[in-house]
Amino acid sequence: MSAVLAFLGLLAVAAGAGFFVAGTAGVIRFPDTPSRLHALTKADNLGLGLVVLGLLPFVPGWFFALKLLLVWALVLLSGATAAQLIAERVRGPEPPA
Amino acid sequence: MTLDGVLAGVLDGLLAALVLAAAGWTLAAPAAFPATIGFVGFGLLLTLAWVRLGAPDVALTEAAIGTGATGVILLLAVVRLRGGEEEVSAATPGRALVLAAGLLAGAVGLALALAVLALPDPAPGLAAEAAARTAPLGLGNPVAAVLMVFRGLDTLLESVVLVFTVLAVWSMAPDRHWGGRPGPEFPRQDDGPLALLARLLPPVGLVIGIYIAWVGTDAPGGKFQGGTILAAMWVVAWAAGLVQAPSVADRRVRLMLVAGPLVFVLVGLAGFGIADGFLAYPPALAKPLILVIEAAMTLSVAAALALLIAGPPEHPPERVT
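Line by line, the protein sequences give chains Z and W.
Just so you know, we're using full-length UniProt numbering here: the first sequence kicks off at 1 and counts up by one.
Just so you know, we're using full-length UniProt numbering here: the second sequence kicks off at 1 and counts up by one.
The shape of chain Z in the complex, shown without the other chains:
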């Protein structure tokens, strides 16, 4: 593993952590549920994505990397679904077109 890759990895993890901090601040400070959901899903999607990306240079093998990417994909899927479900509940059913 080259030093450059390790440095880029750590940079990505730090950026990911930054997204989590910002997302948490958003969940606490934003005024209503939809904007809180926006903050929450940004932290989950981008924050976790950057952390996973940053950890890739440090993994011992490709299977390990695949599992990390799978974790991210599953969180993307479940996070997006949960956010949609909560938003739907808050807004009420869509008016008929």
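For the record, the hints were derived by calculation from the structure and aren't laboratory data.
Glycine included, every Cβ here is placed at the ideal spot set by N, Cα and C.
One should not assume that every hint holds.
Computed spacing ranges between beta-carbons, pair by pair [claimed, not checked]:
hint: 1; chain 1: W; residue 1: Leu20; chain 2: Z; residue 2: Ala73; range: 32 to 38 Å
hint: 2; chain 1: Z; residue 1: Val59; chain 2: W; residue 2: Arg176; range: 41 to 47 Å
hint: 3; chain 1: Z; residue 1: Leu8; chain 2: W; residue 2: Asp276; range: 55 to 61 Å
hint: 4; chain 1: Z; residue 1: Ala65; chain 2: W; residue 2: Gly9; range: 37 to 43 Å
hint: 5; chain 1: Z; residue 1: Pro34; chain 2: W; residue 2: Gly24; range: 26 to 32 Å
hint: 6; chain 1: Z; residue 1: Val59; chain 2: W; residue 2: Leu97; range: 48 to 54 Å
hint: 7; chain 1: W; residue 1: Leu110; chain 2: Z; residue 2: Pro34; range: 58 to 64 Å
hint: 8; chain 1: Z; residue 1: Val59; chain 2: W; residue 2: Trp25; range: 44 to 50 Å
hint: 9; chain 1: W; residue 1: Ala29; chain 2: Z; residue 2: Val75; range: 53 to 59 Å
hint: 10; chain 1: W; residue 1: Ala275; chain 2: Z; residue 2: Ala14; range: 32 to 38 Å
hint: 11; chain 1: Z; residue 1: Leu69; chain 2: W; residue 2: Gly9; range: 41 to 47 Å
Fit chain W to the known structure of chain Z by using the hints.
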């Protein structure tokens, strides 16, 4: 002390403080719903604590069963209790009893903490011996060796308890609902986010659940963690209305529920003939036999957890026409 040591100490201290804060918040929460959310947060923090203690097997179980499955069961209980305010307040213990229970729990916790702190370093135990005897059995995970070989009886009884918990939940049903489908019935969703999730997630989740159960003999994982994921996949499809819960009278469901303990007991009895006694394995056959038990147990854990989440039958059985 090195910088790494200081940082690890700060991290562990923060984590311990957060676990305590989440526990306190859960107890102090004004209503059942926020208390349940607090409990789930508490469980996730506890999972991290187990990871920091180097116990990934316990961490996985805490995340899967202690937080995920229990969290869903509690949330459904909160929903079921709505509208029953009178019964709930009649069944809620008084302030004095709550205080007494809290003091008792606090005293036990404190005594345990003092006992752990008073242990000599390194703590006495059988860990080294268990680790040394794991490899000759063909297993790579000493936790699996302890659960299935050295303390197999405990795990067997645990697997039987799981069947009894389902029976206890089913026995909550009134007589007229006996034979019906357990739990609420969800309307079938053909589009929308939940319908999409219920179609995309299960194929992936089933593979992951089986993988985690399979890998348990060599790495962190096992029947309970894998079975929980399998149960969760069914719950997603059930909540989206894509599948219906099977009737509690369905023999296939009952067979699935008892398959694990049954195979466990049969393999245990076979130990009298092929090894030194009950639940003993001949070393050459240890791993295949354990995998057979684990496979049946995974099925039973998945069935039991799914049935515990669904709850007792809530409607009379449908008439066969």
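Now the hints, each set against the structure:
For the pair Leu20 of chain W and Ala73 of chain Z, the beta carbons lie near 34 Å from each other, so the given range of 32 to 38 Å is met. Here the CB-CB span from Val59 of chain Z to Arg176 of chain W is close to 57 Å, at odds with the stated 41 to 47 Å. About 57 Å separates the C-beta atoms of Leu8 of chain Z and Asp276 of chain W, a value consistent with the hinted range of 55 to 61 Å. Ala65 of chain Z and Gly9 of chain W have their C-beta atoms about 31 Å apart, which leaves the hinted 37 to 43 Å range violated.
One distance hint, 26 to 32 Å for the beta-carbon pair Pro34 of chain Z and Gly24 of chain W, holds here, with the actual separation near 30 Å. A C-beta distance of roughly 52 Å is found between Val59 of chain Z and Leu97 of chain W, which places it inside the suggested range of 48 to 54 Å. The hinted range of 58 to 64 Å is not satisfied by Leu110 of chain W and Pro34 of chain Z, whose Cβ atoms lie roughly 45 Å apart. A hinted range of 44 to 50 Å is violated for the C-beta pair Val59 of chain Z and Trp25 of chain W, which are about 36 Å apart.
Distance hint check for Ala29 of chain W and Val75 of chain Z: the Cβ-Cβ separation is about 26 Å, which falls outside the suggested range of 53 to 59 Å. Distance hint check: the CB atoms of Ala275 of chain W and Ala14 of chain Z are about 55 Å apart, inconsistent with the given range 32 to 38 Å. Between Leu69 of chain Z and Gly9 of chain W the C-beta distance comes to about 32 Å, which lies outside the given range of 41 to 47 Å.
Going down the numbered hints, you'll see the structure goes against 2, 4, 7, 8, 9, 10, 11, while the others check out.
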